[in-house]
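Chemist: Since the structure of chain A is provided, determine the placement of chain B on it from the hints.
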Amino acid sequence: MRKASKVLIISLVVFSLAFNSILAVVLYTDYLHLGQMLKLVLLVKGKALKPVTIGSMLDGAAGGMVQALQDPYSEYLTTENFGRLQEQMEGIFGGVGLILDASKAEELKVQGVLSGSPAERAGVQKGDLIVAINGKAVADITAMEAADLMKGPVGSEVSLSVLRGKGARREFKLKRELINIKSVEGKILRIPEPVAYIKINAFSDHTAAELSEYWNGLPEVKGVVLDLRDDPGGSLEAAVEAGNYFLPRGPVVHLVYRDGKRETYEVRGGKLKVPLMVLVNKGTASAAEILAAAVQDTASGLIIGTRTYGKGVVQTIYDLGGNTGLKLTTAKYLSPLGKDINQVGIRPDVAVEKHGDTDNVLAEALKLLAERVNSFSFR
Amino acid sequence: MPGLYLTGRCFLLSERKKVLLGILTVFVLFSVLVTGTVAGVIISNYDHLGRMMKVIGLIKSDYLEPVTPTQLIDGAMKGIVESLGDQYSVYLDPKESKQMFDQIEGRFGGIGIVLSLKDEKHLVVLKPLRNSPADRAGLKSGDIIIKIDNVDTSTITQDKAVNMMRGKEGTQVTLTVYREAAKKNLTFTITREVISVPTVEGEMLPGSSDIAYININQFASDTDKELDQVVSELKPKHPKGVILDLRYDHGGELNAAVNSAGYFIPNGQPVVYIVDKYGNSEVHKPDKKEYLGLPVVVLVNEETASAAEILSGAIRDYKTGTLIGTKTFGKGIVQTIYQLDSGAGVKLTTAKYLTPNKSDINLKGIEPDVKVELGKGQTVAQPPEDTGDFDNQLKKAIEVLRTKM
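Those protein sequences? They're chains A and B, same order as listed.
If you're matching positions, the first sequence starts at 1 in this note's numbering and goes up one per residue.
If you're matching positions, the second sequence starts at 1001 in this note's numbering and goes up one per residue.
Bound conformation, chain A alone (with noise of 0.2 Å):
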C-alpha cells in the first residue's frame, strides 16, 4: 500500500518536472509563437476591461484558427450558425417565404411571394424593391447576404424597408416561420407540344424523393428545360442524384483531395430520352454547377443564360459537439473532362441576359427546344 502511494506520488513529481520542462522550452525558444500566444492570453484575462471566460477565449482562437486560413467558405460554425445550416441541409428553417431575384446586382426585387406566408399576410408584393434588411441597406451586401438575413429562429422577427413603384417607403415587420422549402417544382409547358419544366431551388436532402415522385407522375413530354437559375447548391449526394434523370451513365464528377486523392461519383443515367435545356446565372452556384457542368461536358443538353457563380470546392461538416460546428473546404471538384470551374464559372452554350419583367431567357430554351423538337420529328 505504502508503496504504491509513493510510486504514485514520485511518477507525479517526475511527471510535473517534465512537463515544466517543456513548458519552460516553449516558453523561452516561443516555439510556433505558442509562448507568445500564452503571454497574449494572460494579457486578455488580466488586462482587459470586459471579462471574458478561458473558454470564449479558446473559441475565439478556434475560431480565429479558422479565420486564418483565409478562405471565403471555412467557417467556425457557433451555436447559431450550425444549427442554421443543420435546417438548411433538411431544407427547413424559419423564414417569412419571399423568393427574391439577385439577377441585378444594385438591387433586390422581390420574384414571388410564397402563399400563406409571413411576406403575403403582411402585404409585401411581388416586384416590390428591397432596399433595407434589418436597418442594414442593402446595397451593401450580397444577394446571399440578404438571403440569410431573412433567415432565422422560428418566431423571431426581421424588418424589411421596401419601395413599391413610386411611392414612399413601406416598413413591414414579419415574424419568421417554418417553411417548407420545396426543394423540386415543376410543371408542364406546351410550345404546342408538352415539355417538362423542372425548377431545383436548392439541394437538400429530400431533392432526390421530391424529383424521383415528379419524374414517375409526367406524362410523355418532347422536351424538359431544367431552371437552375439561383440555385445556391446544397448537397453534393443531392446534385449527383439529380445527375441520374439527366445524364447518360458515367462520371457526373471527380473530387480532389489535398493528397491528391480522386474520388469519382459516377450514375446509372440513361433516363432522359429528349432534349434537355439547363437555365443558369450568375446565382447557380457549388451543387448547381456541378450538375450543369455534367450536362455541358456530356453534351446532354444546352446550358442557356449567363456564367455560372463559380465555386468549385466542396466543404464538409464536422460535428464538433456541444452544437458547434466546423465547416471546412476539404476538396475541389473538376467536370467530368476534367475542368476546374473555381472562381471561372460556367460559360453558357446560349448566352442570354434576363432583361425586362418577361422571362426573356426561358422563351428563348424554349423556341430552341421547339427547333428541336420538330426537327426530331422530322426525323
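Errors might be hidden in some of the hints.
Said to hold, decoys possible - With the Cβ distance kept under 8 Å, some of the chain A side facing chain B (calculated, not the full set):
no.	residue
1	S16
2	H33
3	A147
Unchecked claim - Negatives, chain A to chain B, calculated, CB over 10 Å:
no.	residue
4	K126
5	E241
6	A299
Said to hold, decoys possible - Listed below are the simulated DSS-like cross-link pairs for lysine-lysine, each with C-alpha atoms no more than 27 Å apart in a straight line:
no.	chain 1	residue 1	chain 2	residue 2
7	B	K1017	A	K136
8	A	K45	B	K1352
9	A	K50	B	K1364
10	B	K1098	B	K1147
11	A	K6	B	K1160
12	B	K1017	A	K50
13	B	K1160	B	K1098
14	B	K1277	A	K45
15	B	K1347	B	K1371
16	A	K39	B	K1364
17	B	K1347	A	K39
18	B	K1060	A	K50
19	B	K1285	B	K1183
20	A	K282	A	K187
21	A	K47	B	K1017
22	B	K1327	A	K50
23	A	K175	A	K151
24	B	K1240	B	K1364
25	B	K1095	A	K47
26	B	K1095	A	K45
27	B	K1054	A	K261
28	B	K1347	A	K45
29	A	K327	B	K1147
30	A	K47	B	K1060
31	B	K1404	A	K47
32	B	K1140	A	K47
33	B	K1098	A	K47
34	B	K1183	A	K136
35	B	K1285	A	K39
36	A	K282	B	K1371
37	B	K1140	A	K39
38	A	K109	B	K1277
39	B	K1183	B	K1121
40	B	K1121	A	K47
Treat the hints as calculated values from the structure; they're not laboratory data.
Just so you know, these numbers come straight off a predicted model, no measurement behind them.
Virtual Cβ for every residue (Gly too), placed ideally from N, Cα, C.
Modeler: The following block gives chain B in isolation, referenced to the frame of chain A:
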C-alpha cells in the same frame, strides 16, 4: 582532534545538503503547482479545449491547402482578442504593430488627410490637412476614396485602407475618389511626406479683438506644449473670453488632454478618473498650468471623441465654460498597447474613464449646454475665415460668450 575535524566536515556537508534539498523541494512544489493549475484549467474547459484541438486536427488532416502551424497560432491570437467583442481591441501582427508604433512616434510618411468617423461604410475625406501633399494635389472635403493603388476600398477595412495610404516618405500612392459635386471619379497620384502639422492653432477671432479662438484638432504627445506656446502668444493681446474649438477632434493622447485642461479648470483639481477592470481608480491632474480664469465657450460636435471628450467633460463638470454644438461621440474607454515578442503587439481596452463628477460617457456622449446644428450645406472652417462668414455654431458661441464677458 582528527575526529573533530571530521565531524566539522560532516556538519558542513549536511548544511549544504539542506540548502540543496530546500531548493529542490521548492522547485518540485512549484512544478507540481504549475502542472496542477494547468490541469485545472484544462479540466474546467475540457469541452472548449477539446473542440479547439479537433479544429487543429481537422485543418491539419483534411483542409484542401497545406497550412503552417505558425499561421494557425497567429490566427488563434487574433481570434482570442476578437473573443472580447470589442471593436477597439485588436491583435497586431509584427507588420501592423510596427506601423502602429511608427505612427505614434510620428515617424511615418503619409498624404495628410483626416477621414470622417461618421460613415463606417465609406472612406470619406473629412479634410485634407493644410499644405499637405493631399491638399496640394487637390483633394477636397467630402471626396469618397474608392480605390487605393487600384484596390477597391469596399473590400478592405478602414484600418487597412489607412495603412495603405501611409508609407515611406518619397514613395507614391494613387487614389481614385468620387466627387459628388463633379459627379465623377477623379484620380490623384500623391507623393508621401512626413506629416507634421500643428495640433493647436490660435488667433484673435476675426472681427472681435477681445475674443481668443483656439482650435485643437487632435491630442498628440506634445499638444499641451503647443498649447503653452499659443496661450503665451495670445495672452499679451488681453482677450476677455476664449472660444475652444474641439469639433472634429478625435482625441489621442490622454496625458496631453489632461495637461491642456489645466488652463480651463481651477488649479489642482482632477480632470479625469481612469478605472481599470478591478475597480482601481487613478486620478489624473494637470501638470503645473495656470487656470486662465476667463469665460470660455467650447465648441463640440458628433466627432468630438475620446481625449477631446475628457477635456470637454471636465470643463462642463467644473462649470468653467459653456458647451455649444451637438452631442459628442461617446468614447469613454482607454486602450493600452502591449508589445509581444517577435514584434507583434496587442491593443486592449483596459480601462474606462469618468469625468470629475464621476459620470461615464461611454456610448452616451456629452450633451452640449446649448444645442446648435450647422446650417444646411454649411461647413466648418478651422480656424474661421477672415471674412467673418462664420458657421451657426461659432456664431452662437460668440453670442453666448459676449453675455458672460
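Chemist: All hints are to be evaluated individually against the structure, with a verdict given for each.
Modeler: Right, here's what the structure says about each hint:
1. The restraint placing A:S16 at the interface with chain B holds, with a minimum CB-CB distance near 4 Å, inside the 8 Å limit.
2. Interface restraint check: A:H33 against chain B, minimum CB-CB distance 4 Å, threshold 8 Å, status holds.
3. Annotation: A:A147 was flagged as interfacial toward chain B, and the flag is violated, the nearest CB pair being 20 Å apart, outside 8 Å.
4. Against the 10 Å criterion, A:K126 stays outside the reach of chain B, whose nearest CB is about 30 Å from its own CB.
5. Distance check for A:E241 against chain B: the nearest CB is about 24 Å away, which clears 10 Å, and the non-interface claim stands.
6. For A:A299, the condition that its CB be more than 10 Å from all CB atoms of chain B holds, with the nearest at approximately 30 Å.
7. In summary, the hint linking B:K1017 to A:K136 is not supported, as the alpha carbons are separated by about 74 Å, beyond the 27 Å threshold.
8. The hinted pair formed by A:K45 and B:K1352 meets the criterion: a straight-line CA distance of about 16 Å does not exceed 27 Å.
9. Under the criterion of a C-alpha separation no larger than 27 Å, the hint pairing A:K50 with B:K1364 is consistent with the structure, at around 18 Å.
10. The hinted pair formed by B:K1098 and B:K1147 meets the criterion: a straight-line CA distance of about 24 Å does not exceed 27 Å.
11. With a C-alpha separation of about 60 Å, the suggested pairing of A:K6 with B:K1160 is violated against the 27 Å cut-off.
12. The straight-line distance between the Cα atoms of B:K1017 and A:K50 is roughly 49 Å, outside the 27 Å bound, and the hint therefore fails.
13. Taking the CA atoms of B:K1160 and B:K1098, the gap is near 14 Å; set against the 27 Å cutoff, the hint holds.
14. For the proposed pair B:K1277 and A:K45, the alpha carbon gap of about 10 Å is at most 27 Å, so the pair holds.
15. Pair hint B:K1347 plus B:K1371 does not hold up; C-alpha atoms about 35 Å apart against a cutoff of 27 Å.
16. Restraint check for A:K39 and B:K1364: the C-alpha separation of about 34 Å exceeds 27 Å, so the hint is violated.
17. With a C-alpha separation of about 14 Å, the suggested pair B:K1347 and A:K39 falls inside the 27 Å cut-off, and the hint holds.
18. For the hint pairing B:K1060 with A:K50, the CA-to-CA distance comes to about 33 Å; that exceeds 27 Å, so the pair is violated.
19. For the proposed pair B:K1285 and B:K1183, the alpha carbon gap of about 50 Å is over 27 Å, so the pair is violated.
20. Taking the CA atoms of A:K282 and A:K187, the gap is near 24 Å; set against the 27 Å cutoff, the hint holds.
21. A C-alpha spacing of about 42 Å is found between A:K47 and B:K1017, which places the hinted pair above 27 Å, so the restraint is violated.
22. A C-alpha spacing of about 26 Å is found between B:K1327 and A:K50, which places the hinted pair at or below 27 Å, so the restraint holds.
23. A hinted pair counts as satisfied when its Cα atoms are at most 27 Å apart, and A:K175 with A:K151 qualifies at roughly 11 Å.
24. For the suggested pair B:K1240 and B:K1364, the alpha carbons sit about 33 Å apart, so the restraint of at most 27 Å is broken.
25. Restraint check for B:K1095 and A:K47: the C-alpha separation of about 23 Å stays at or below 27 Å, so the hint holds.
26. Of the pairs offered as hints, the one joining B:K1095 and A:K45 holds, with about 24 Å between alpha carbons and a cut-off of 27 Å not exceeded.
27. For the given pair, B:K1054 sits about 23 Å from A:K261 by alpha-carbon distance, which is consistent with the 27 Å threshold.
28. Under the criterion of a C-alpha separation no larger than 27 Å, the hint pairing B:K1347 with A:K45 is consistent with the structure, at around 14 Å.
29. Of the supplied pair hints, the one linking A:K327 and B:K1147 is violated, its CA atoms being roughly 33 Å apart against a limit of 27 Å.
30. For the hint pairing A:K47 with B:K1060, the CA-to-CA distance comes to about 33 Å; that exceeds 27 Å, so the pair is violated.
31. In summary, the hint linking B:K1404 to A:K47 is not supported, as the alpha carbons are separated by about 45 Å, beyond the 27 Å threshold.
32. Restraint check: the Cα-Cα separation between B:K1140 and A:K47 comes to about 41 Å, which exceeds 27 Å; the hinted pair is violated.
33. Restraint check for B:K1098 and A:K47: the C-alpha separation of about 22 Å stays at or below 27 Å, so the hint holds.
34. Our distance criterion of 27 Å between C-alpha atoms is met by B:K1183 and A:K136, whose separation comes to about 25 Å.
35. As the CA atoms of B:K1285 and A:K39 are separated by approximately 33 Å, the hinted pair breaks the 27 Å bound.
36. Between A:K282 and B:K1371 the alpha-carbon distance is near 51 Å, which puts this suggested pair outside the 27 Å criterion.
37. Under the criterion of a C-alpha separation no larger than 27 Å, the hint pairing B:K1140 with A:K39 is inconsistent with the structure, at around 45 Å.
38. A threshold of 27 Å between alpha carbons decides the hint, and for A:K109 with B:K1277 the separation of about 49 Å lies outside it, so the pair is violated.
39. Proximity of B:K1183 to B:K1121 is assessed by CA-CA distance (about 19 Å); at most 27 Å being required, the pair is judged to hold.
40. A C-alpha spacing of about 31 Å is found between B:K1121 and A:K47, which places the hinted pair above 27 Å, so the restraint is violated.
Consistency note: the structure conflicts with the earlier hints numbered 3, 7, 11, 12, 15, 16, 18, 19, 21, 24, 29, 30, 31, 32, 35, 36, 37, 38 and 40.
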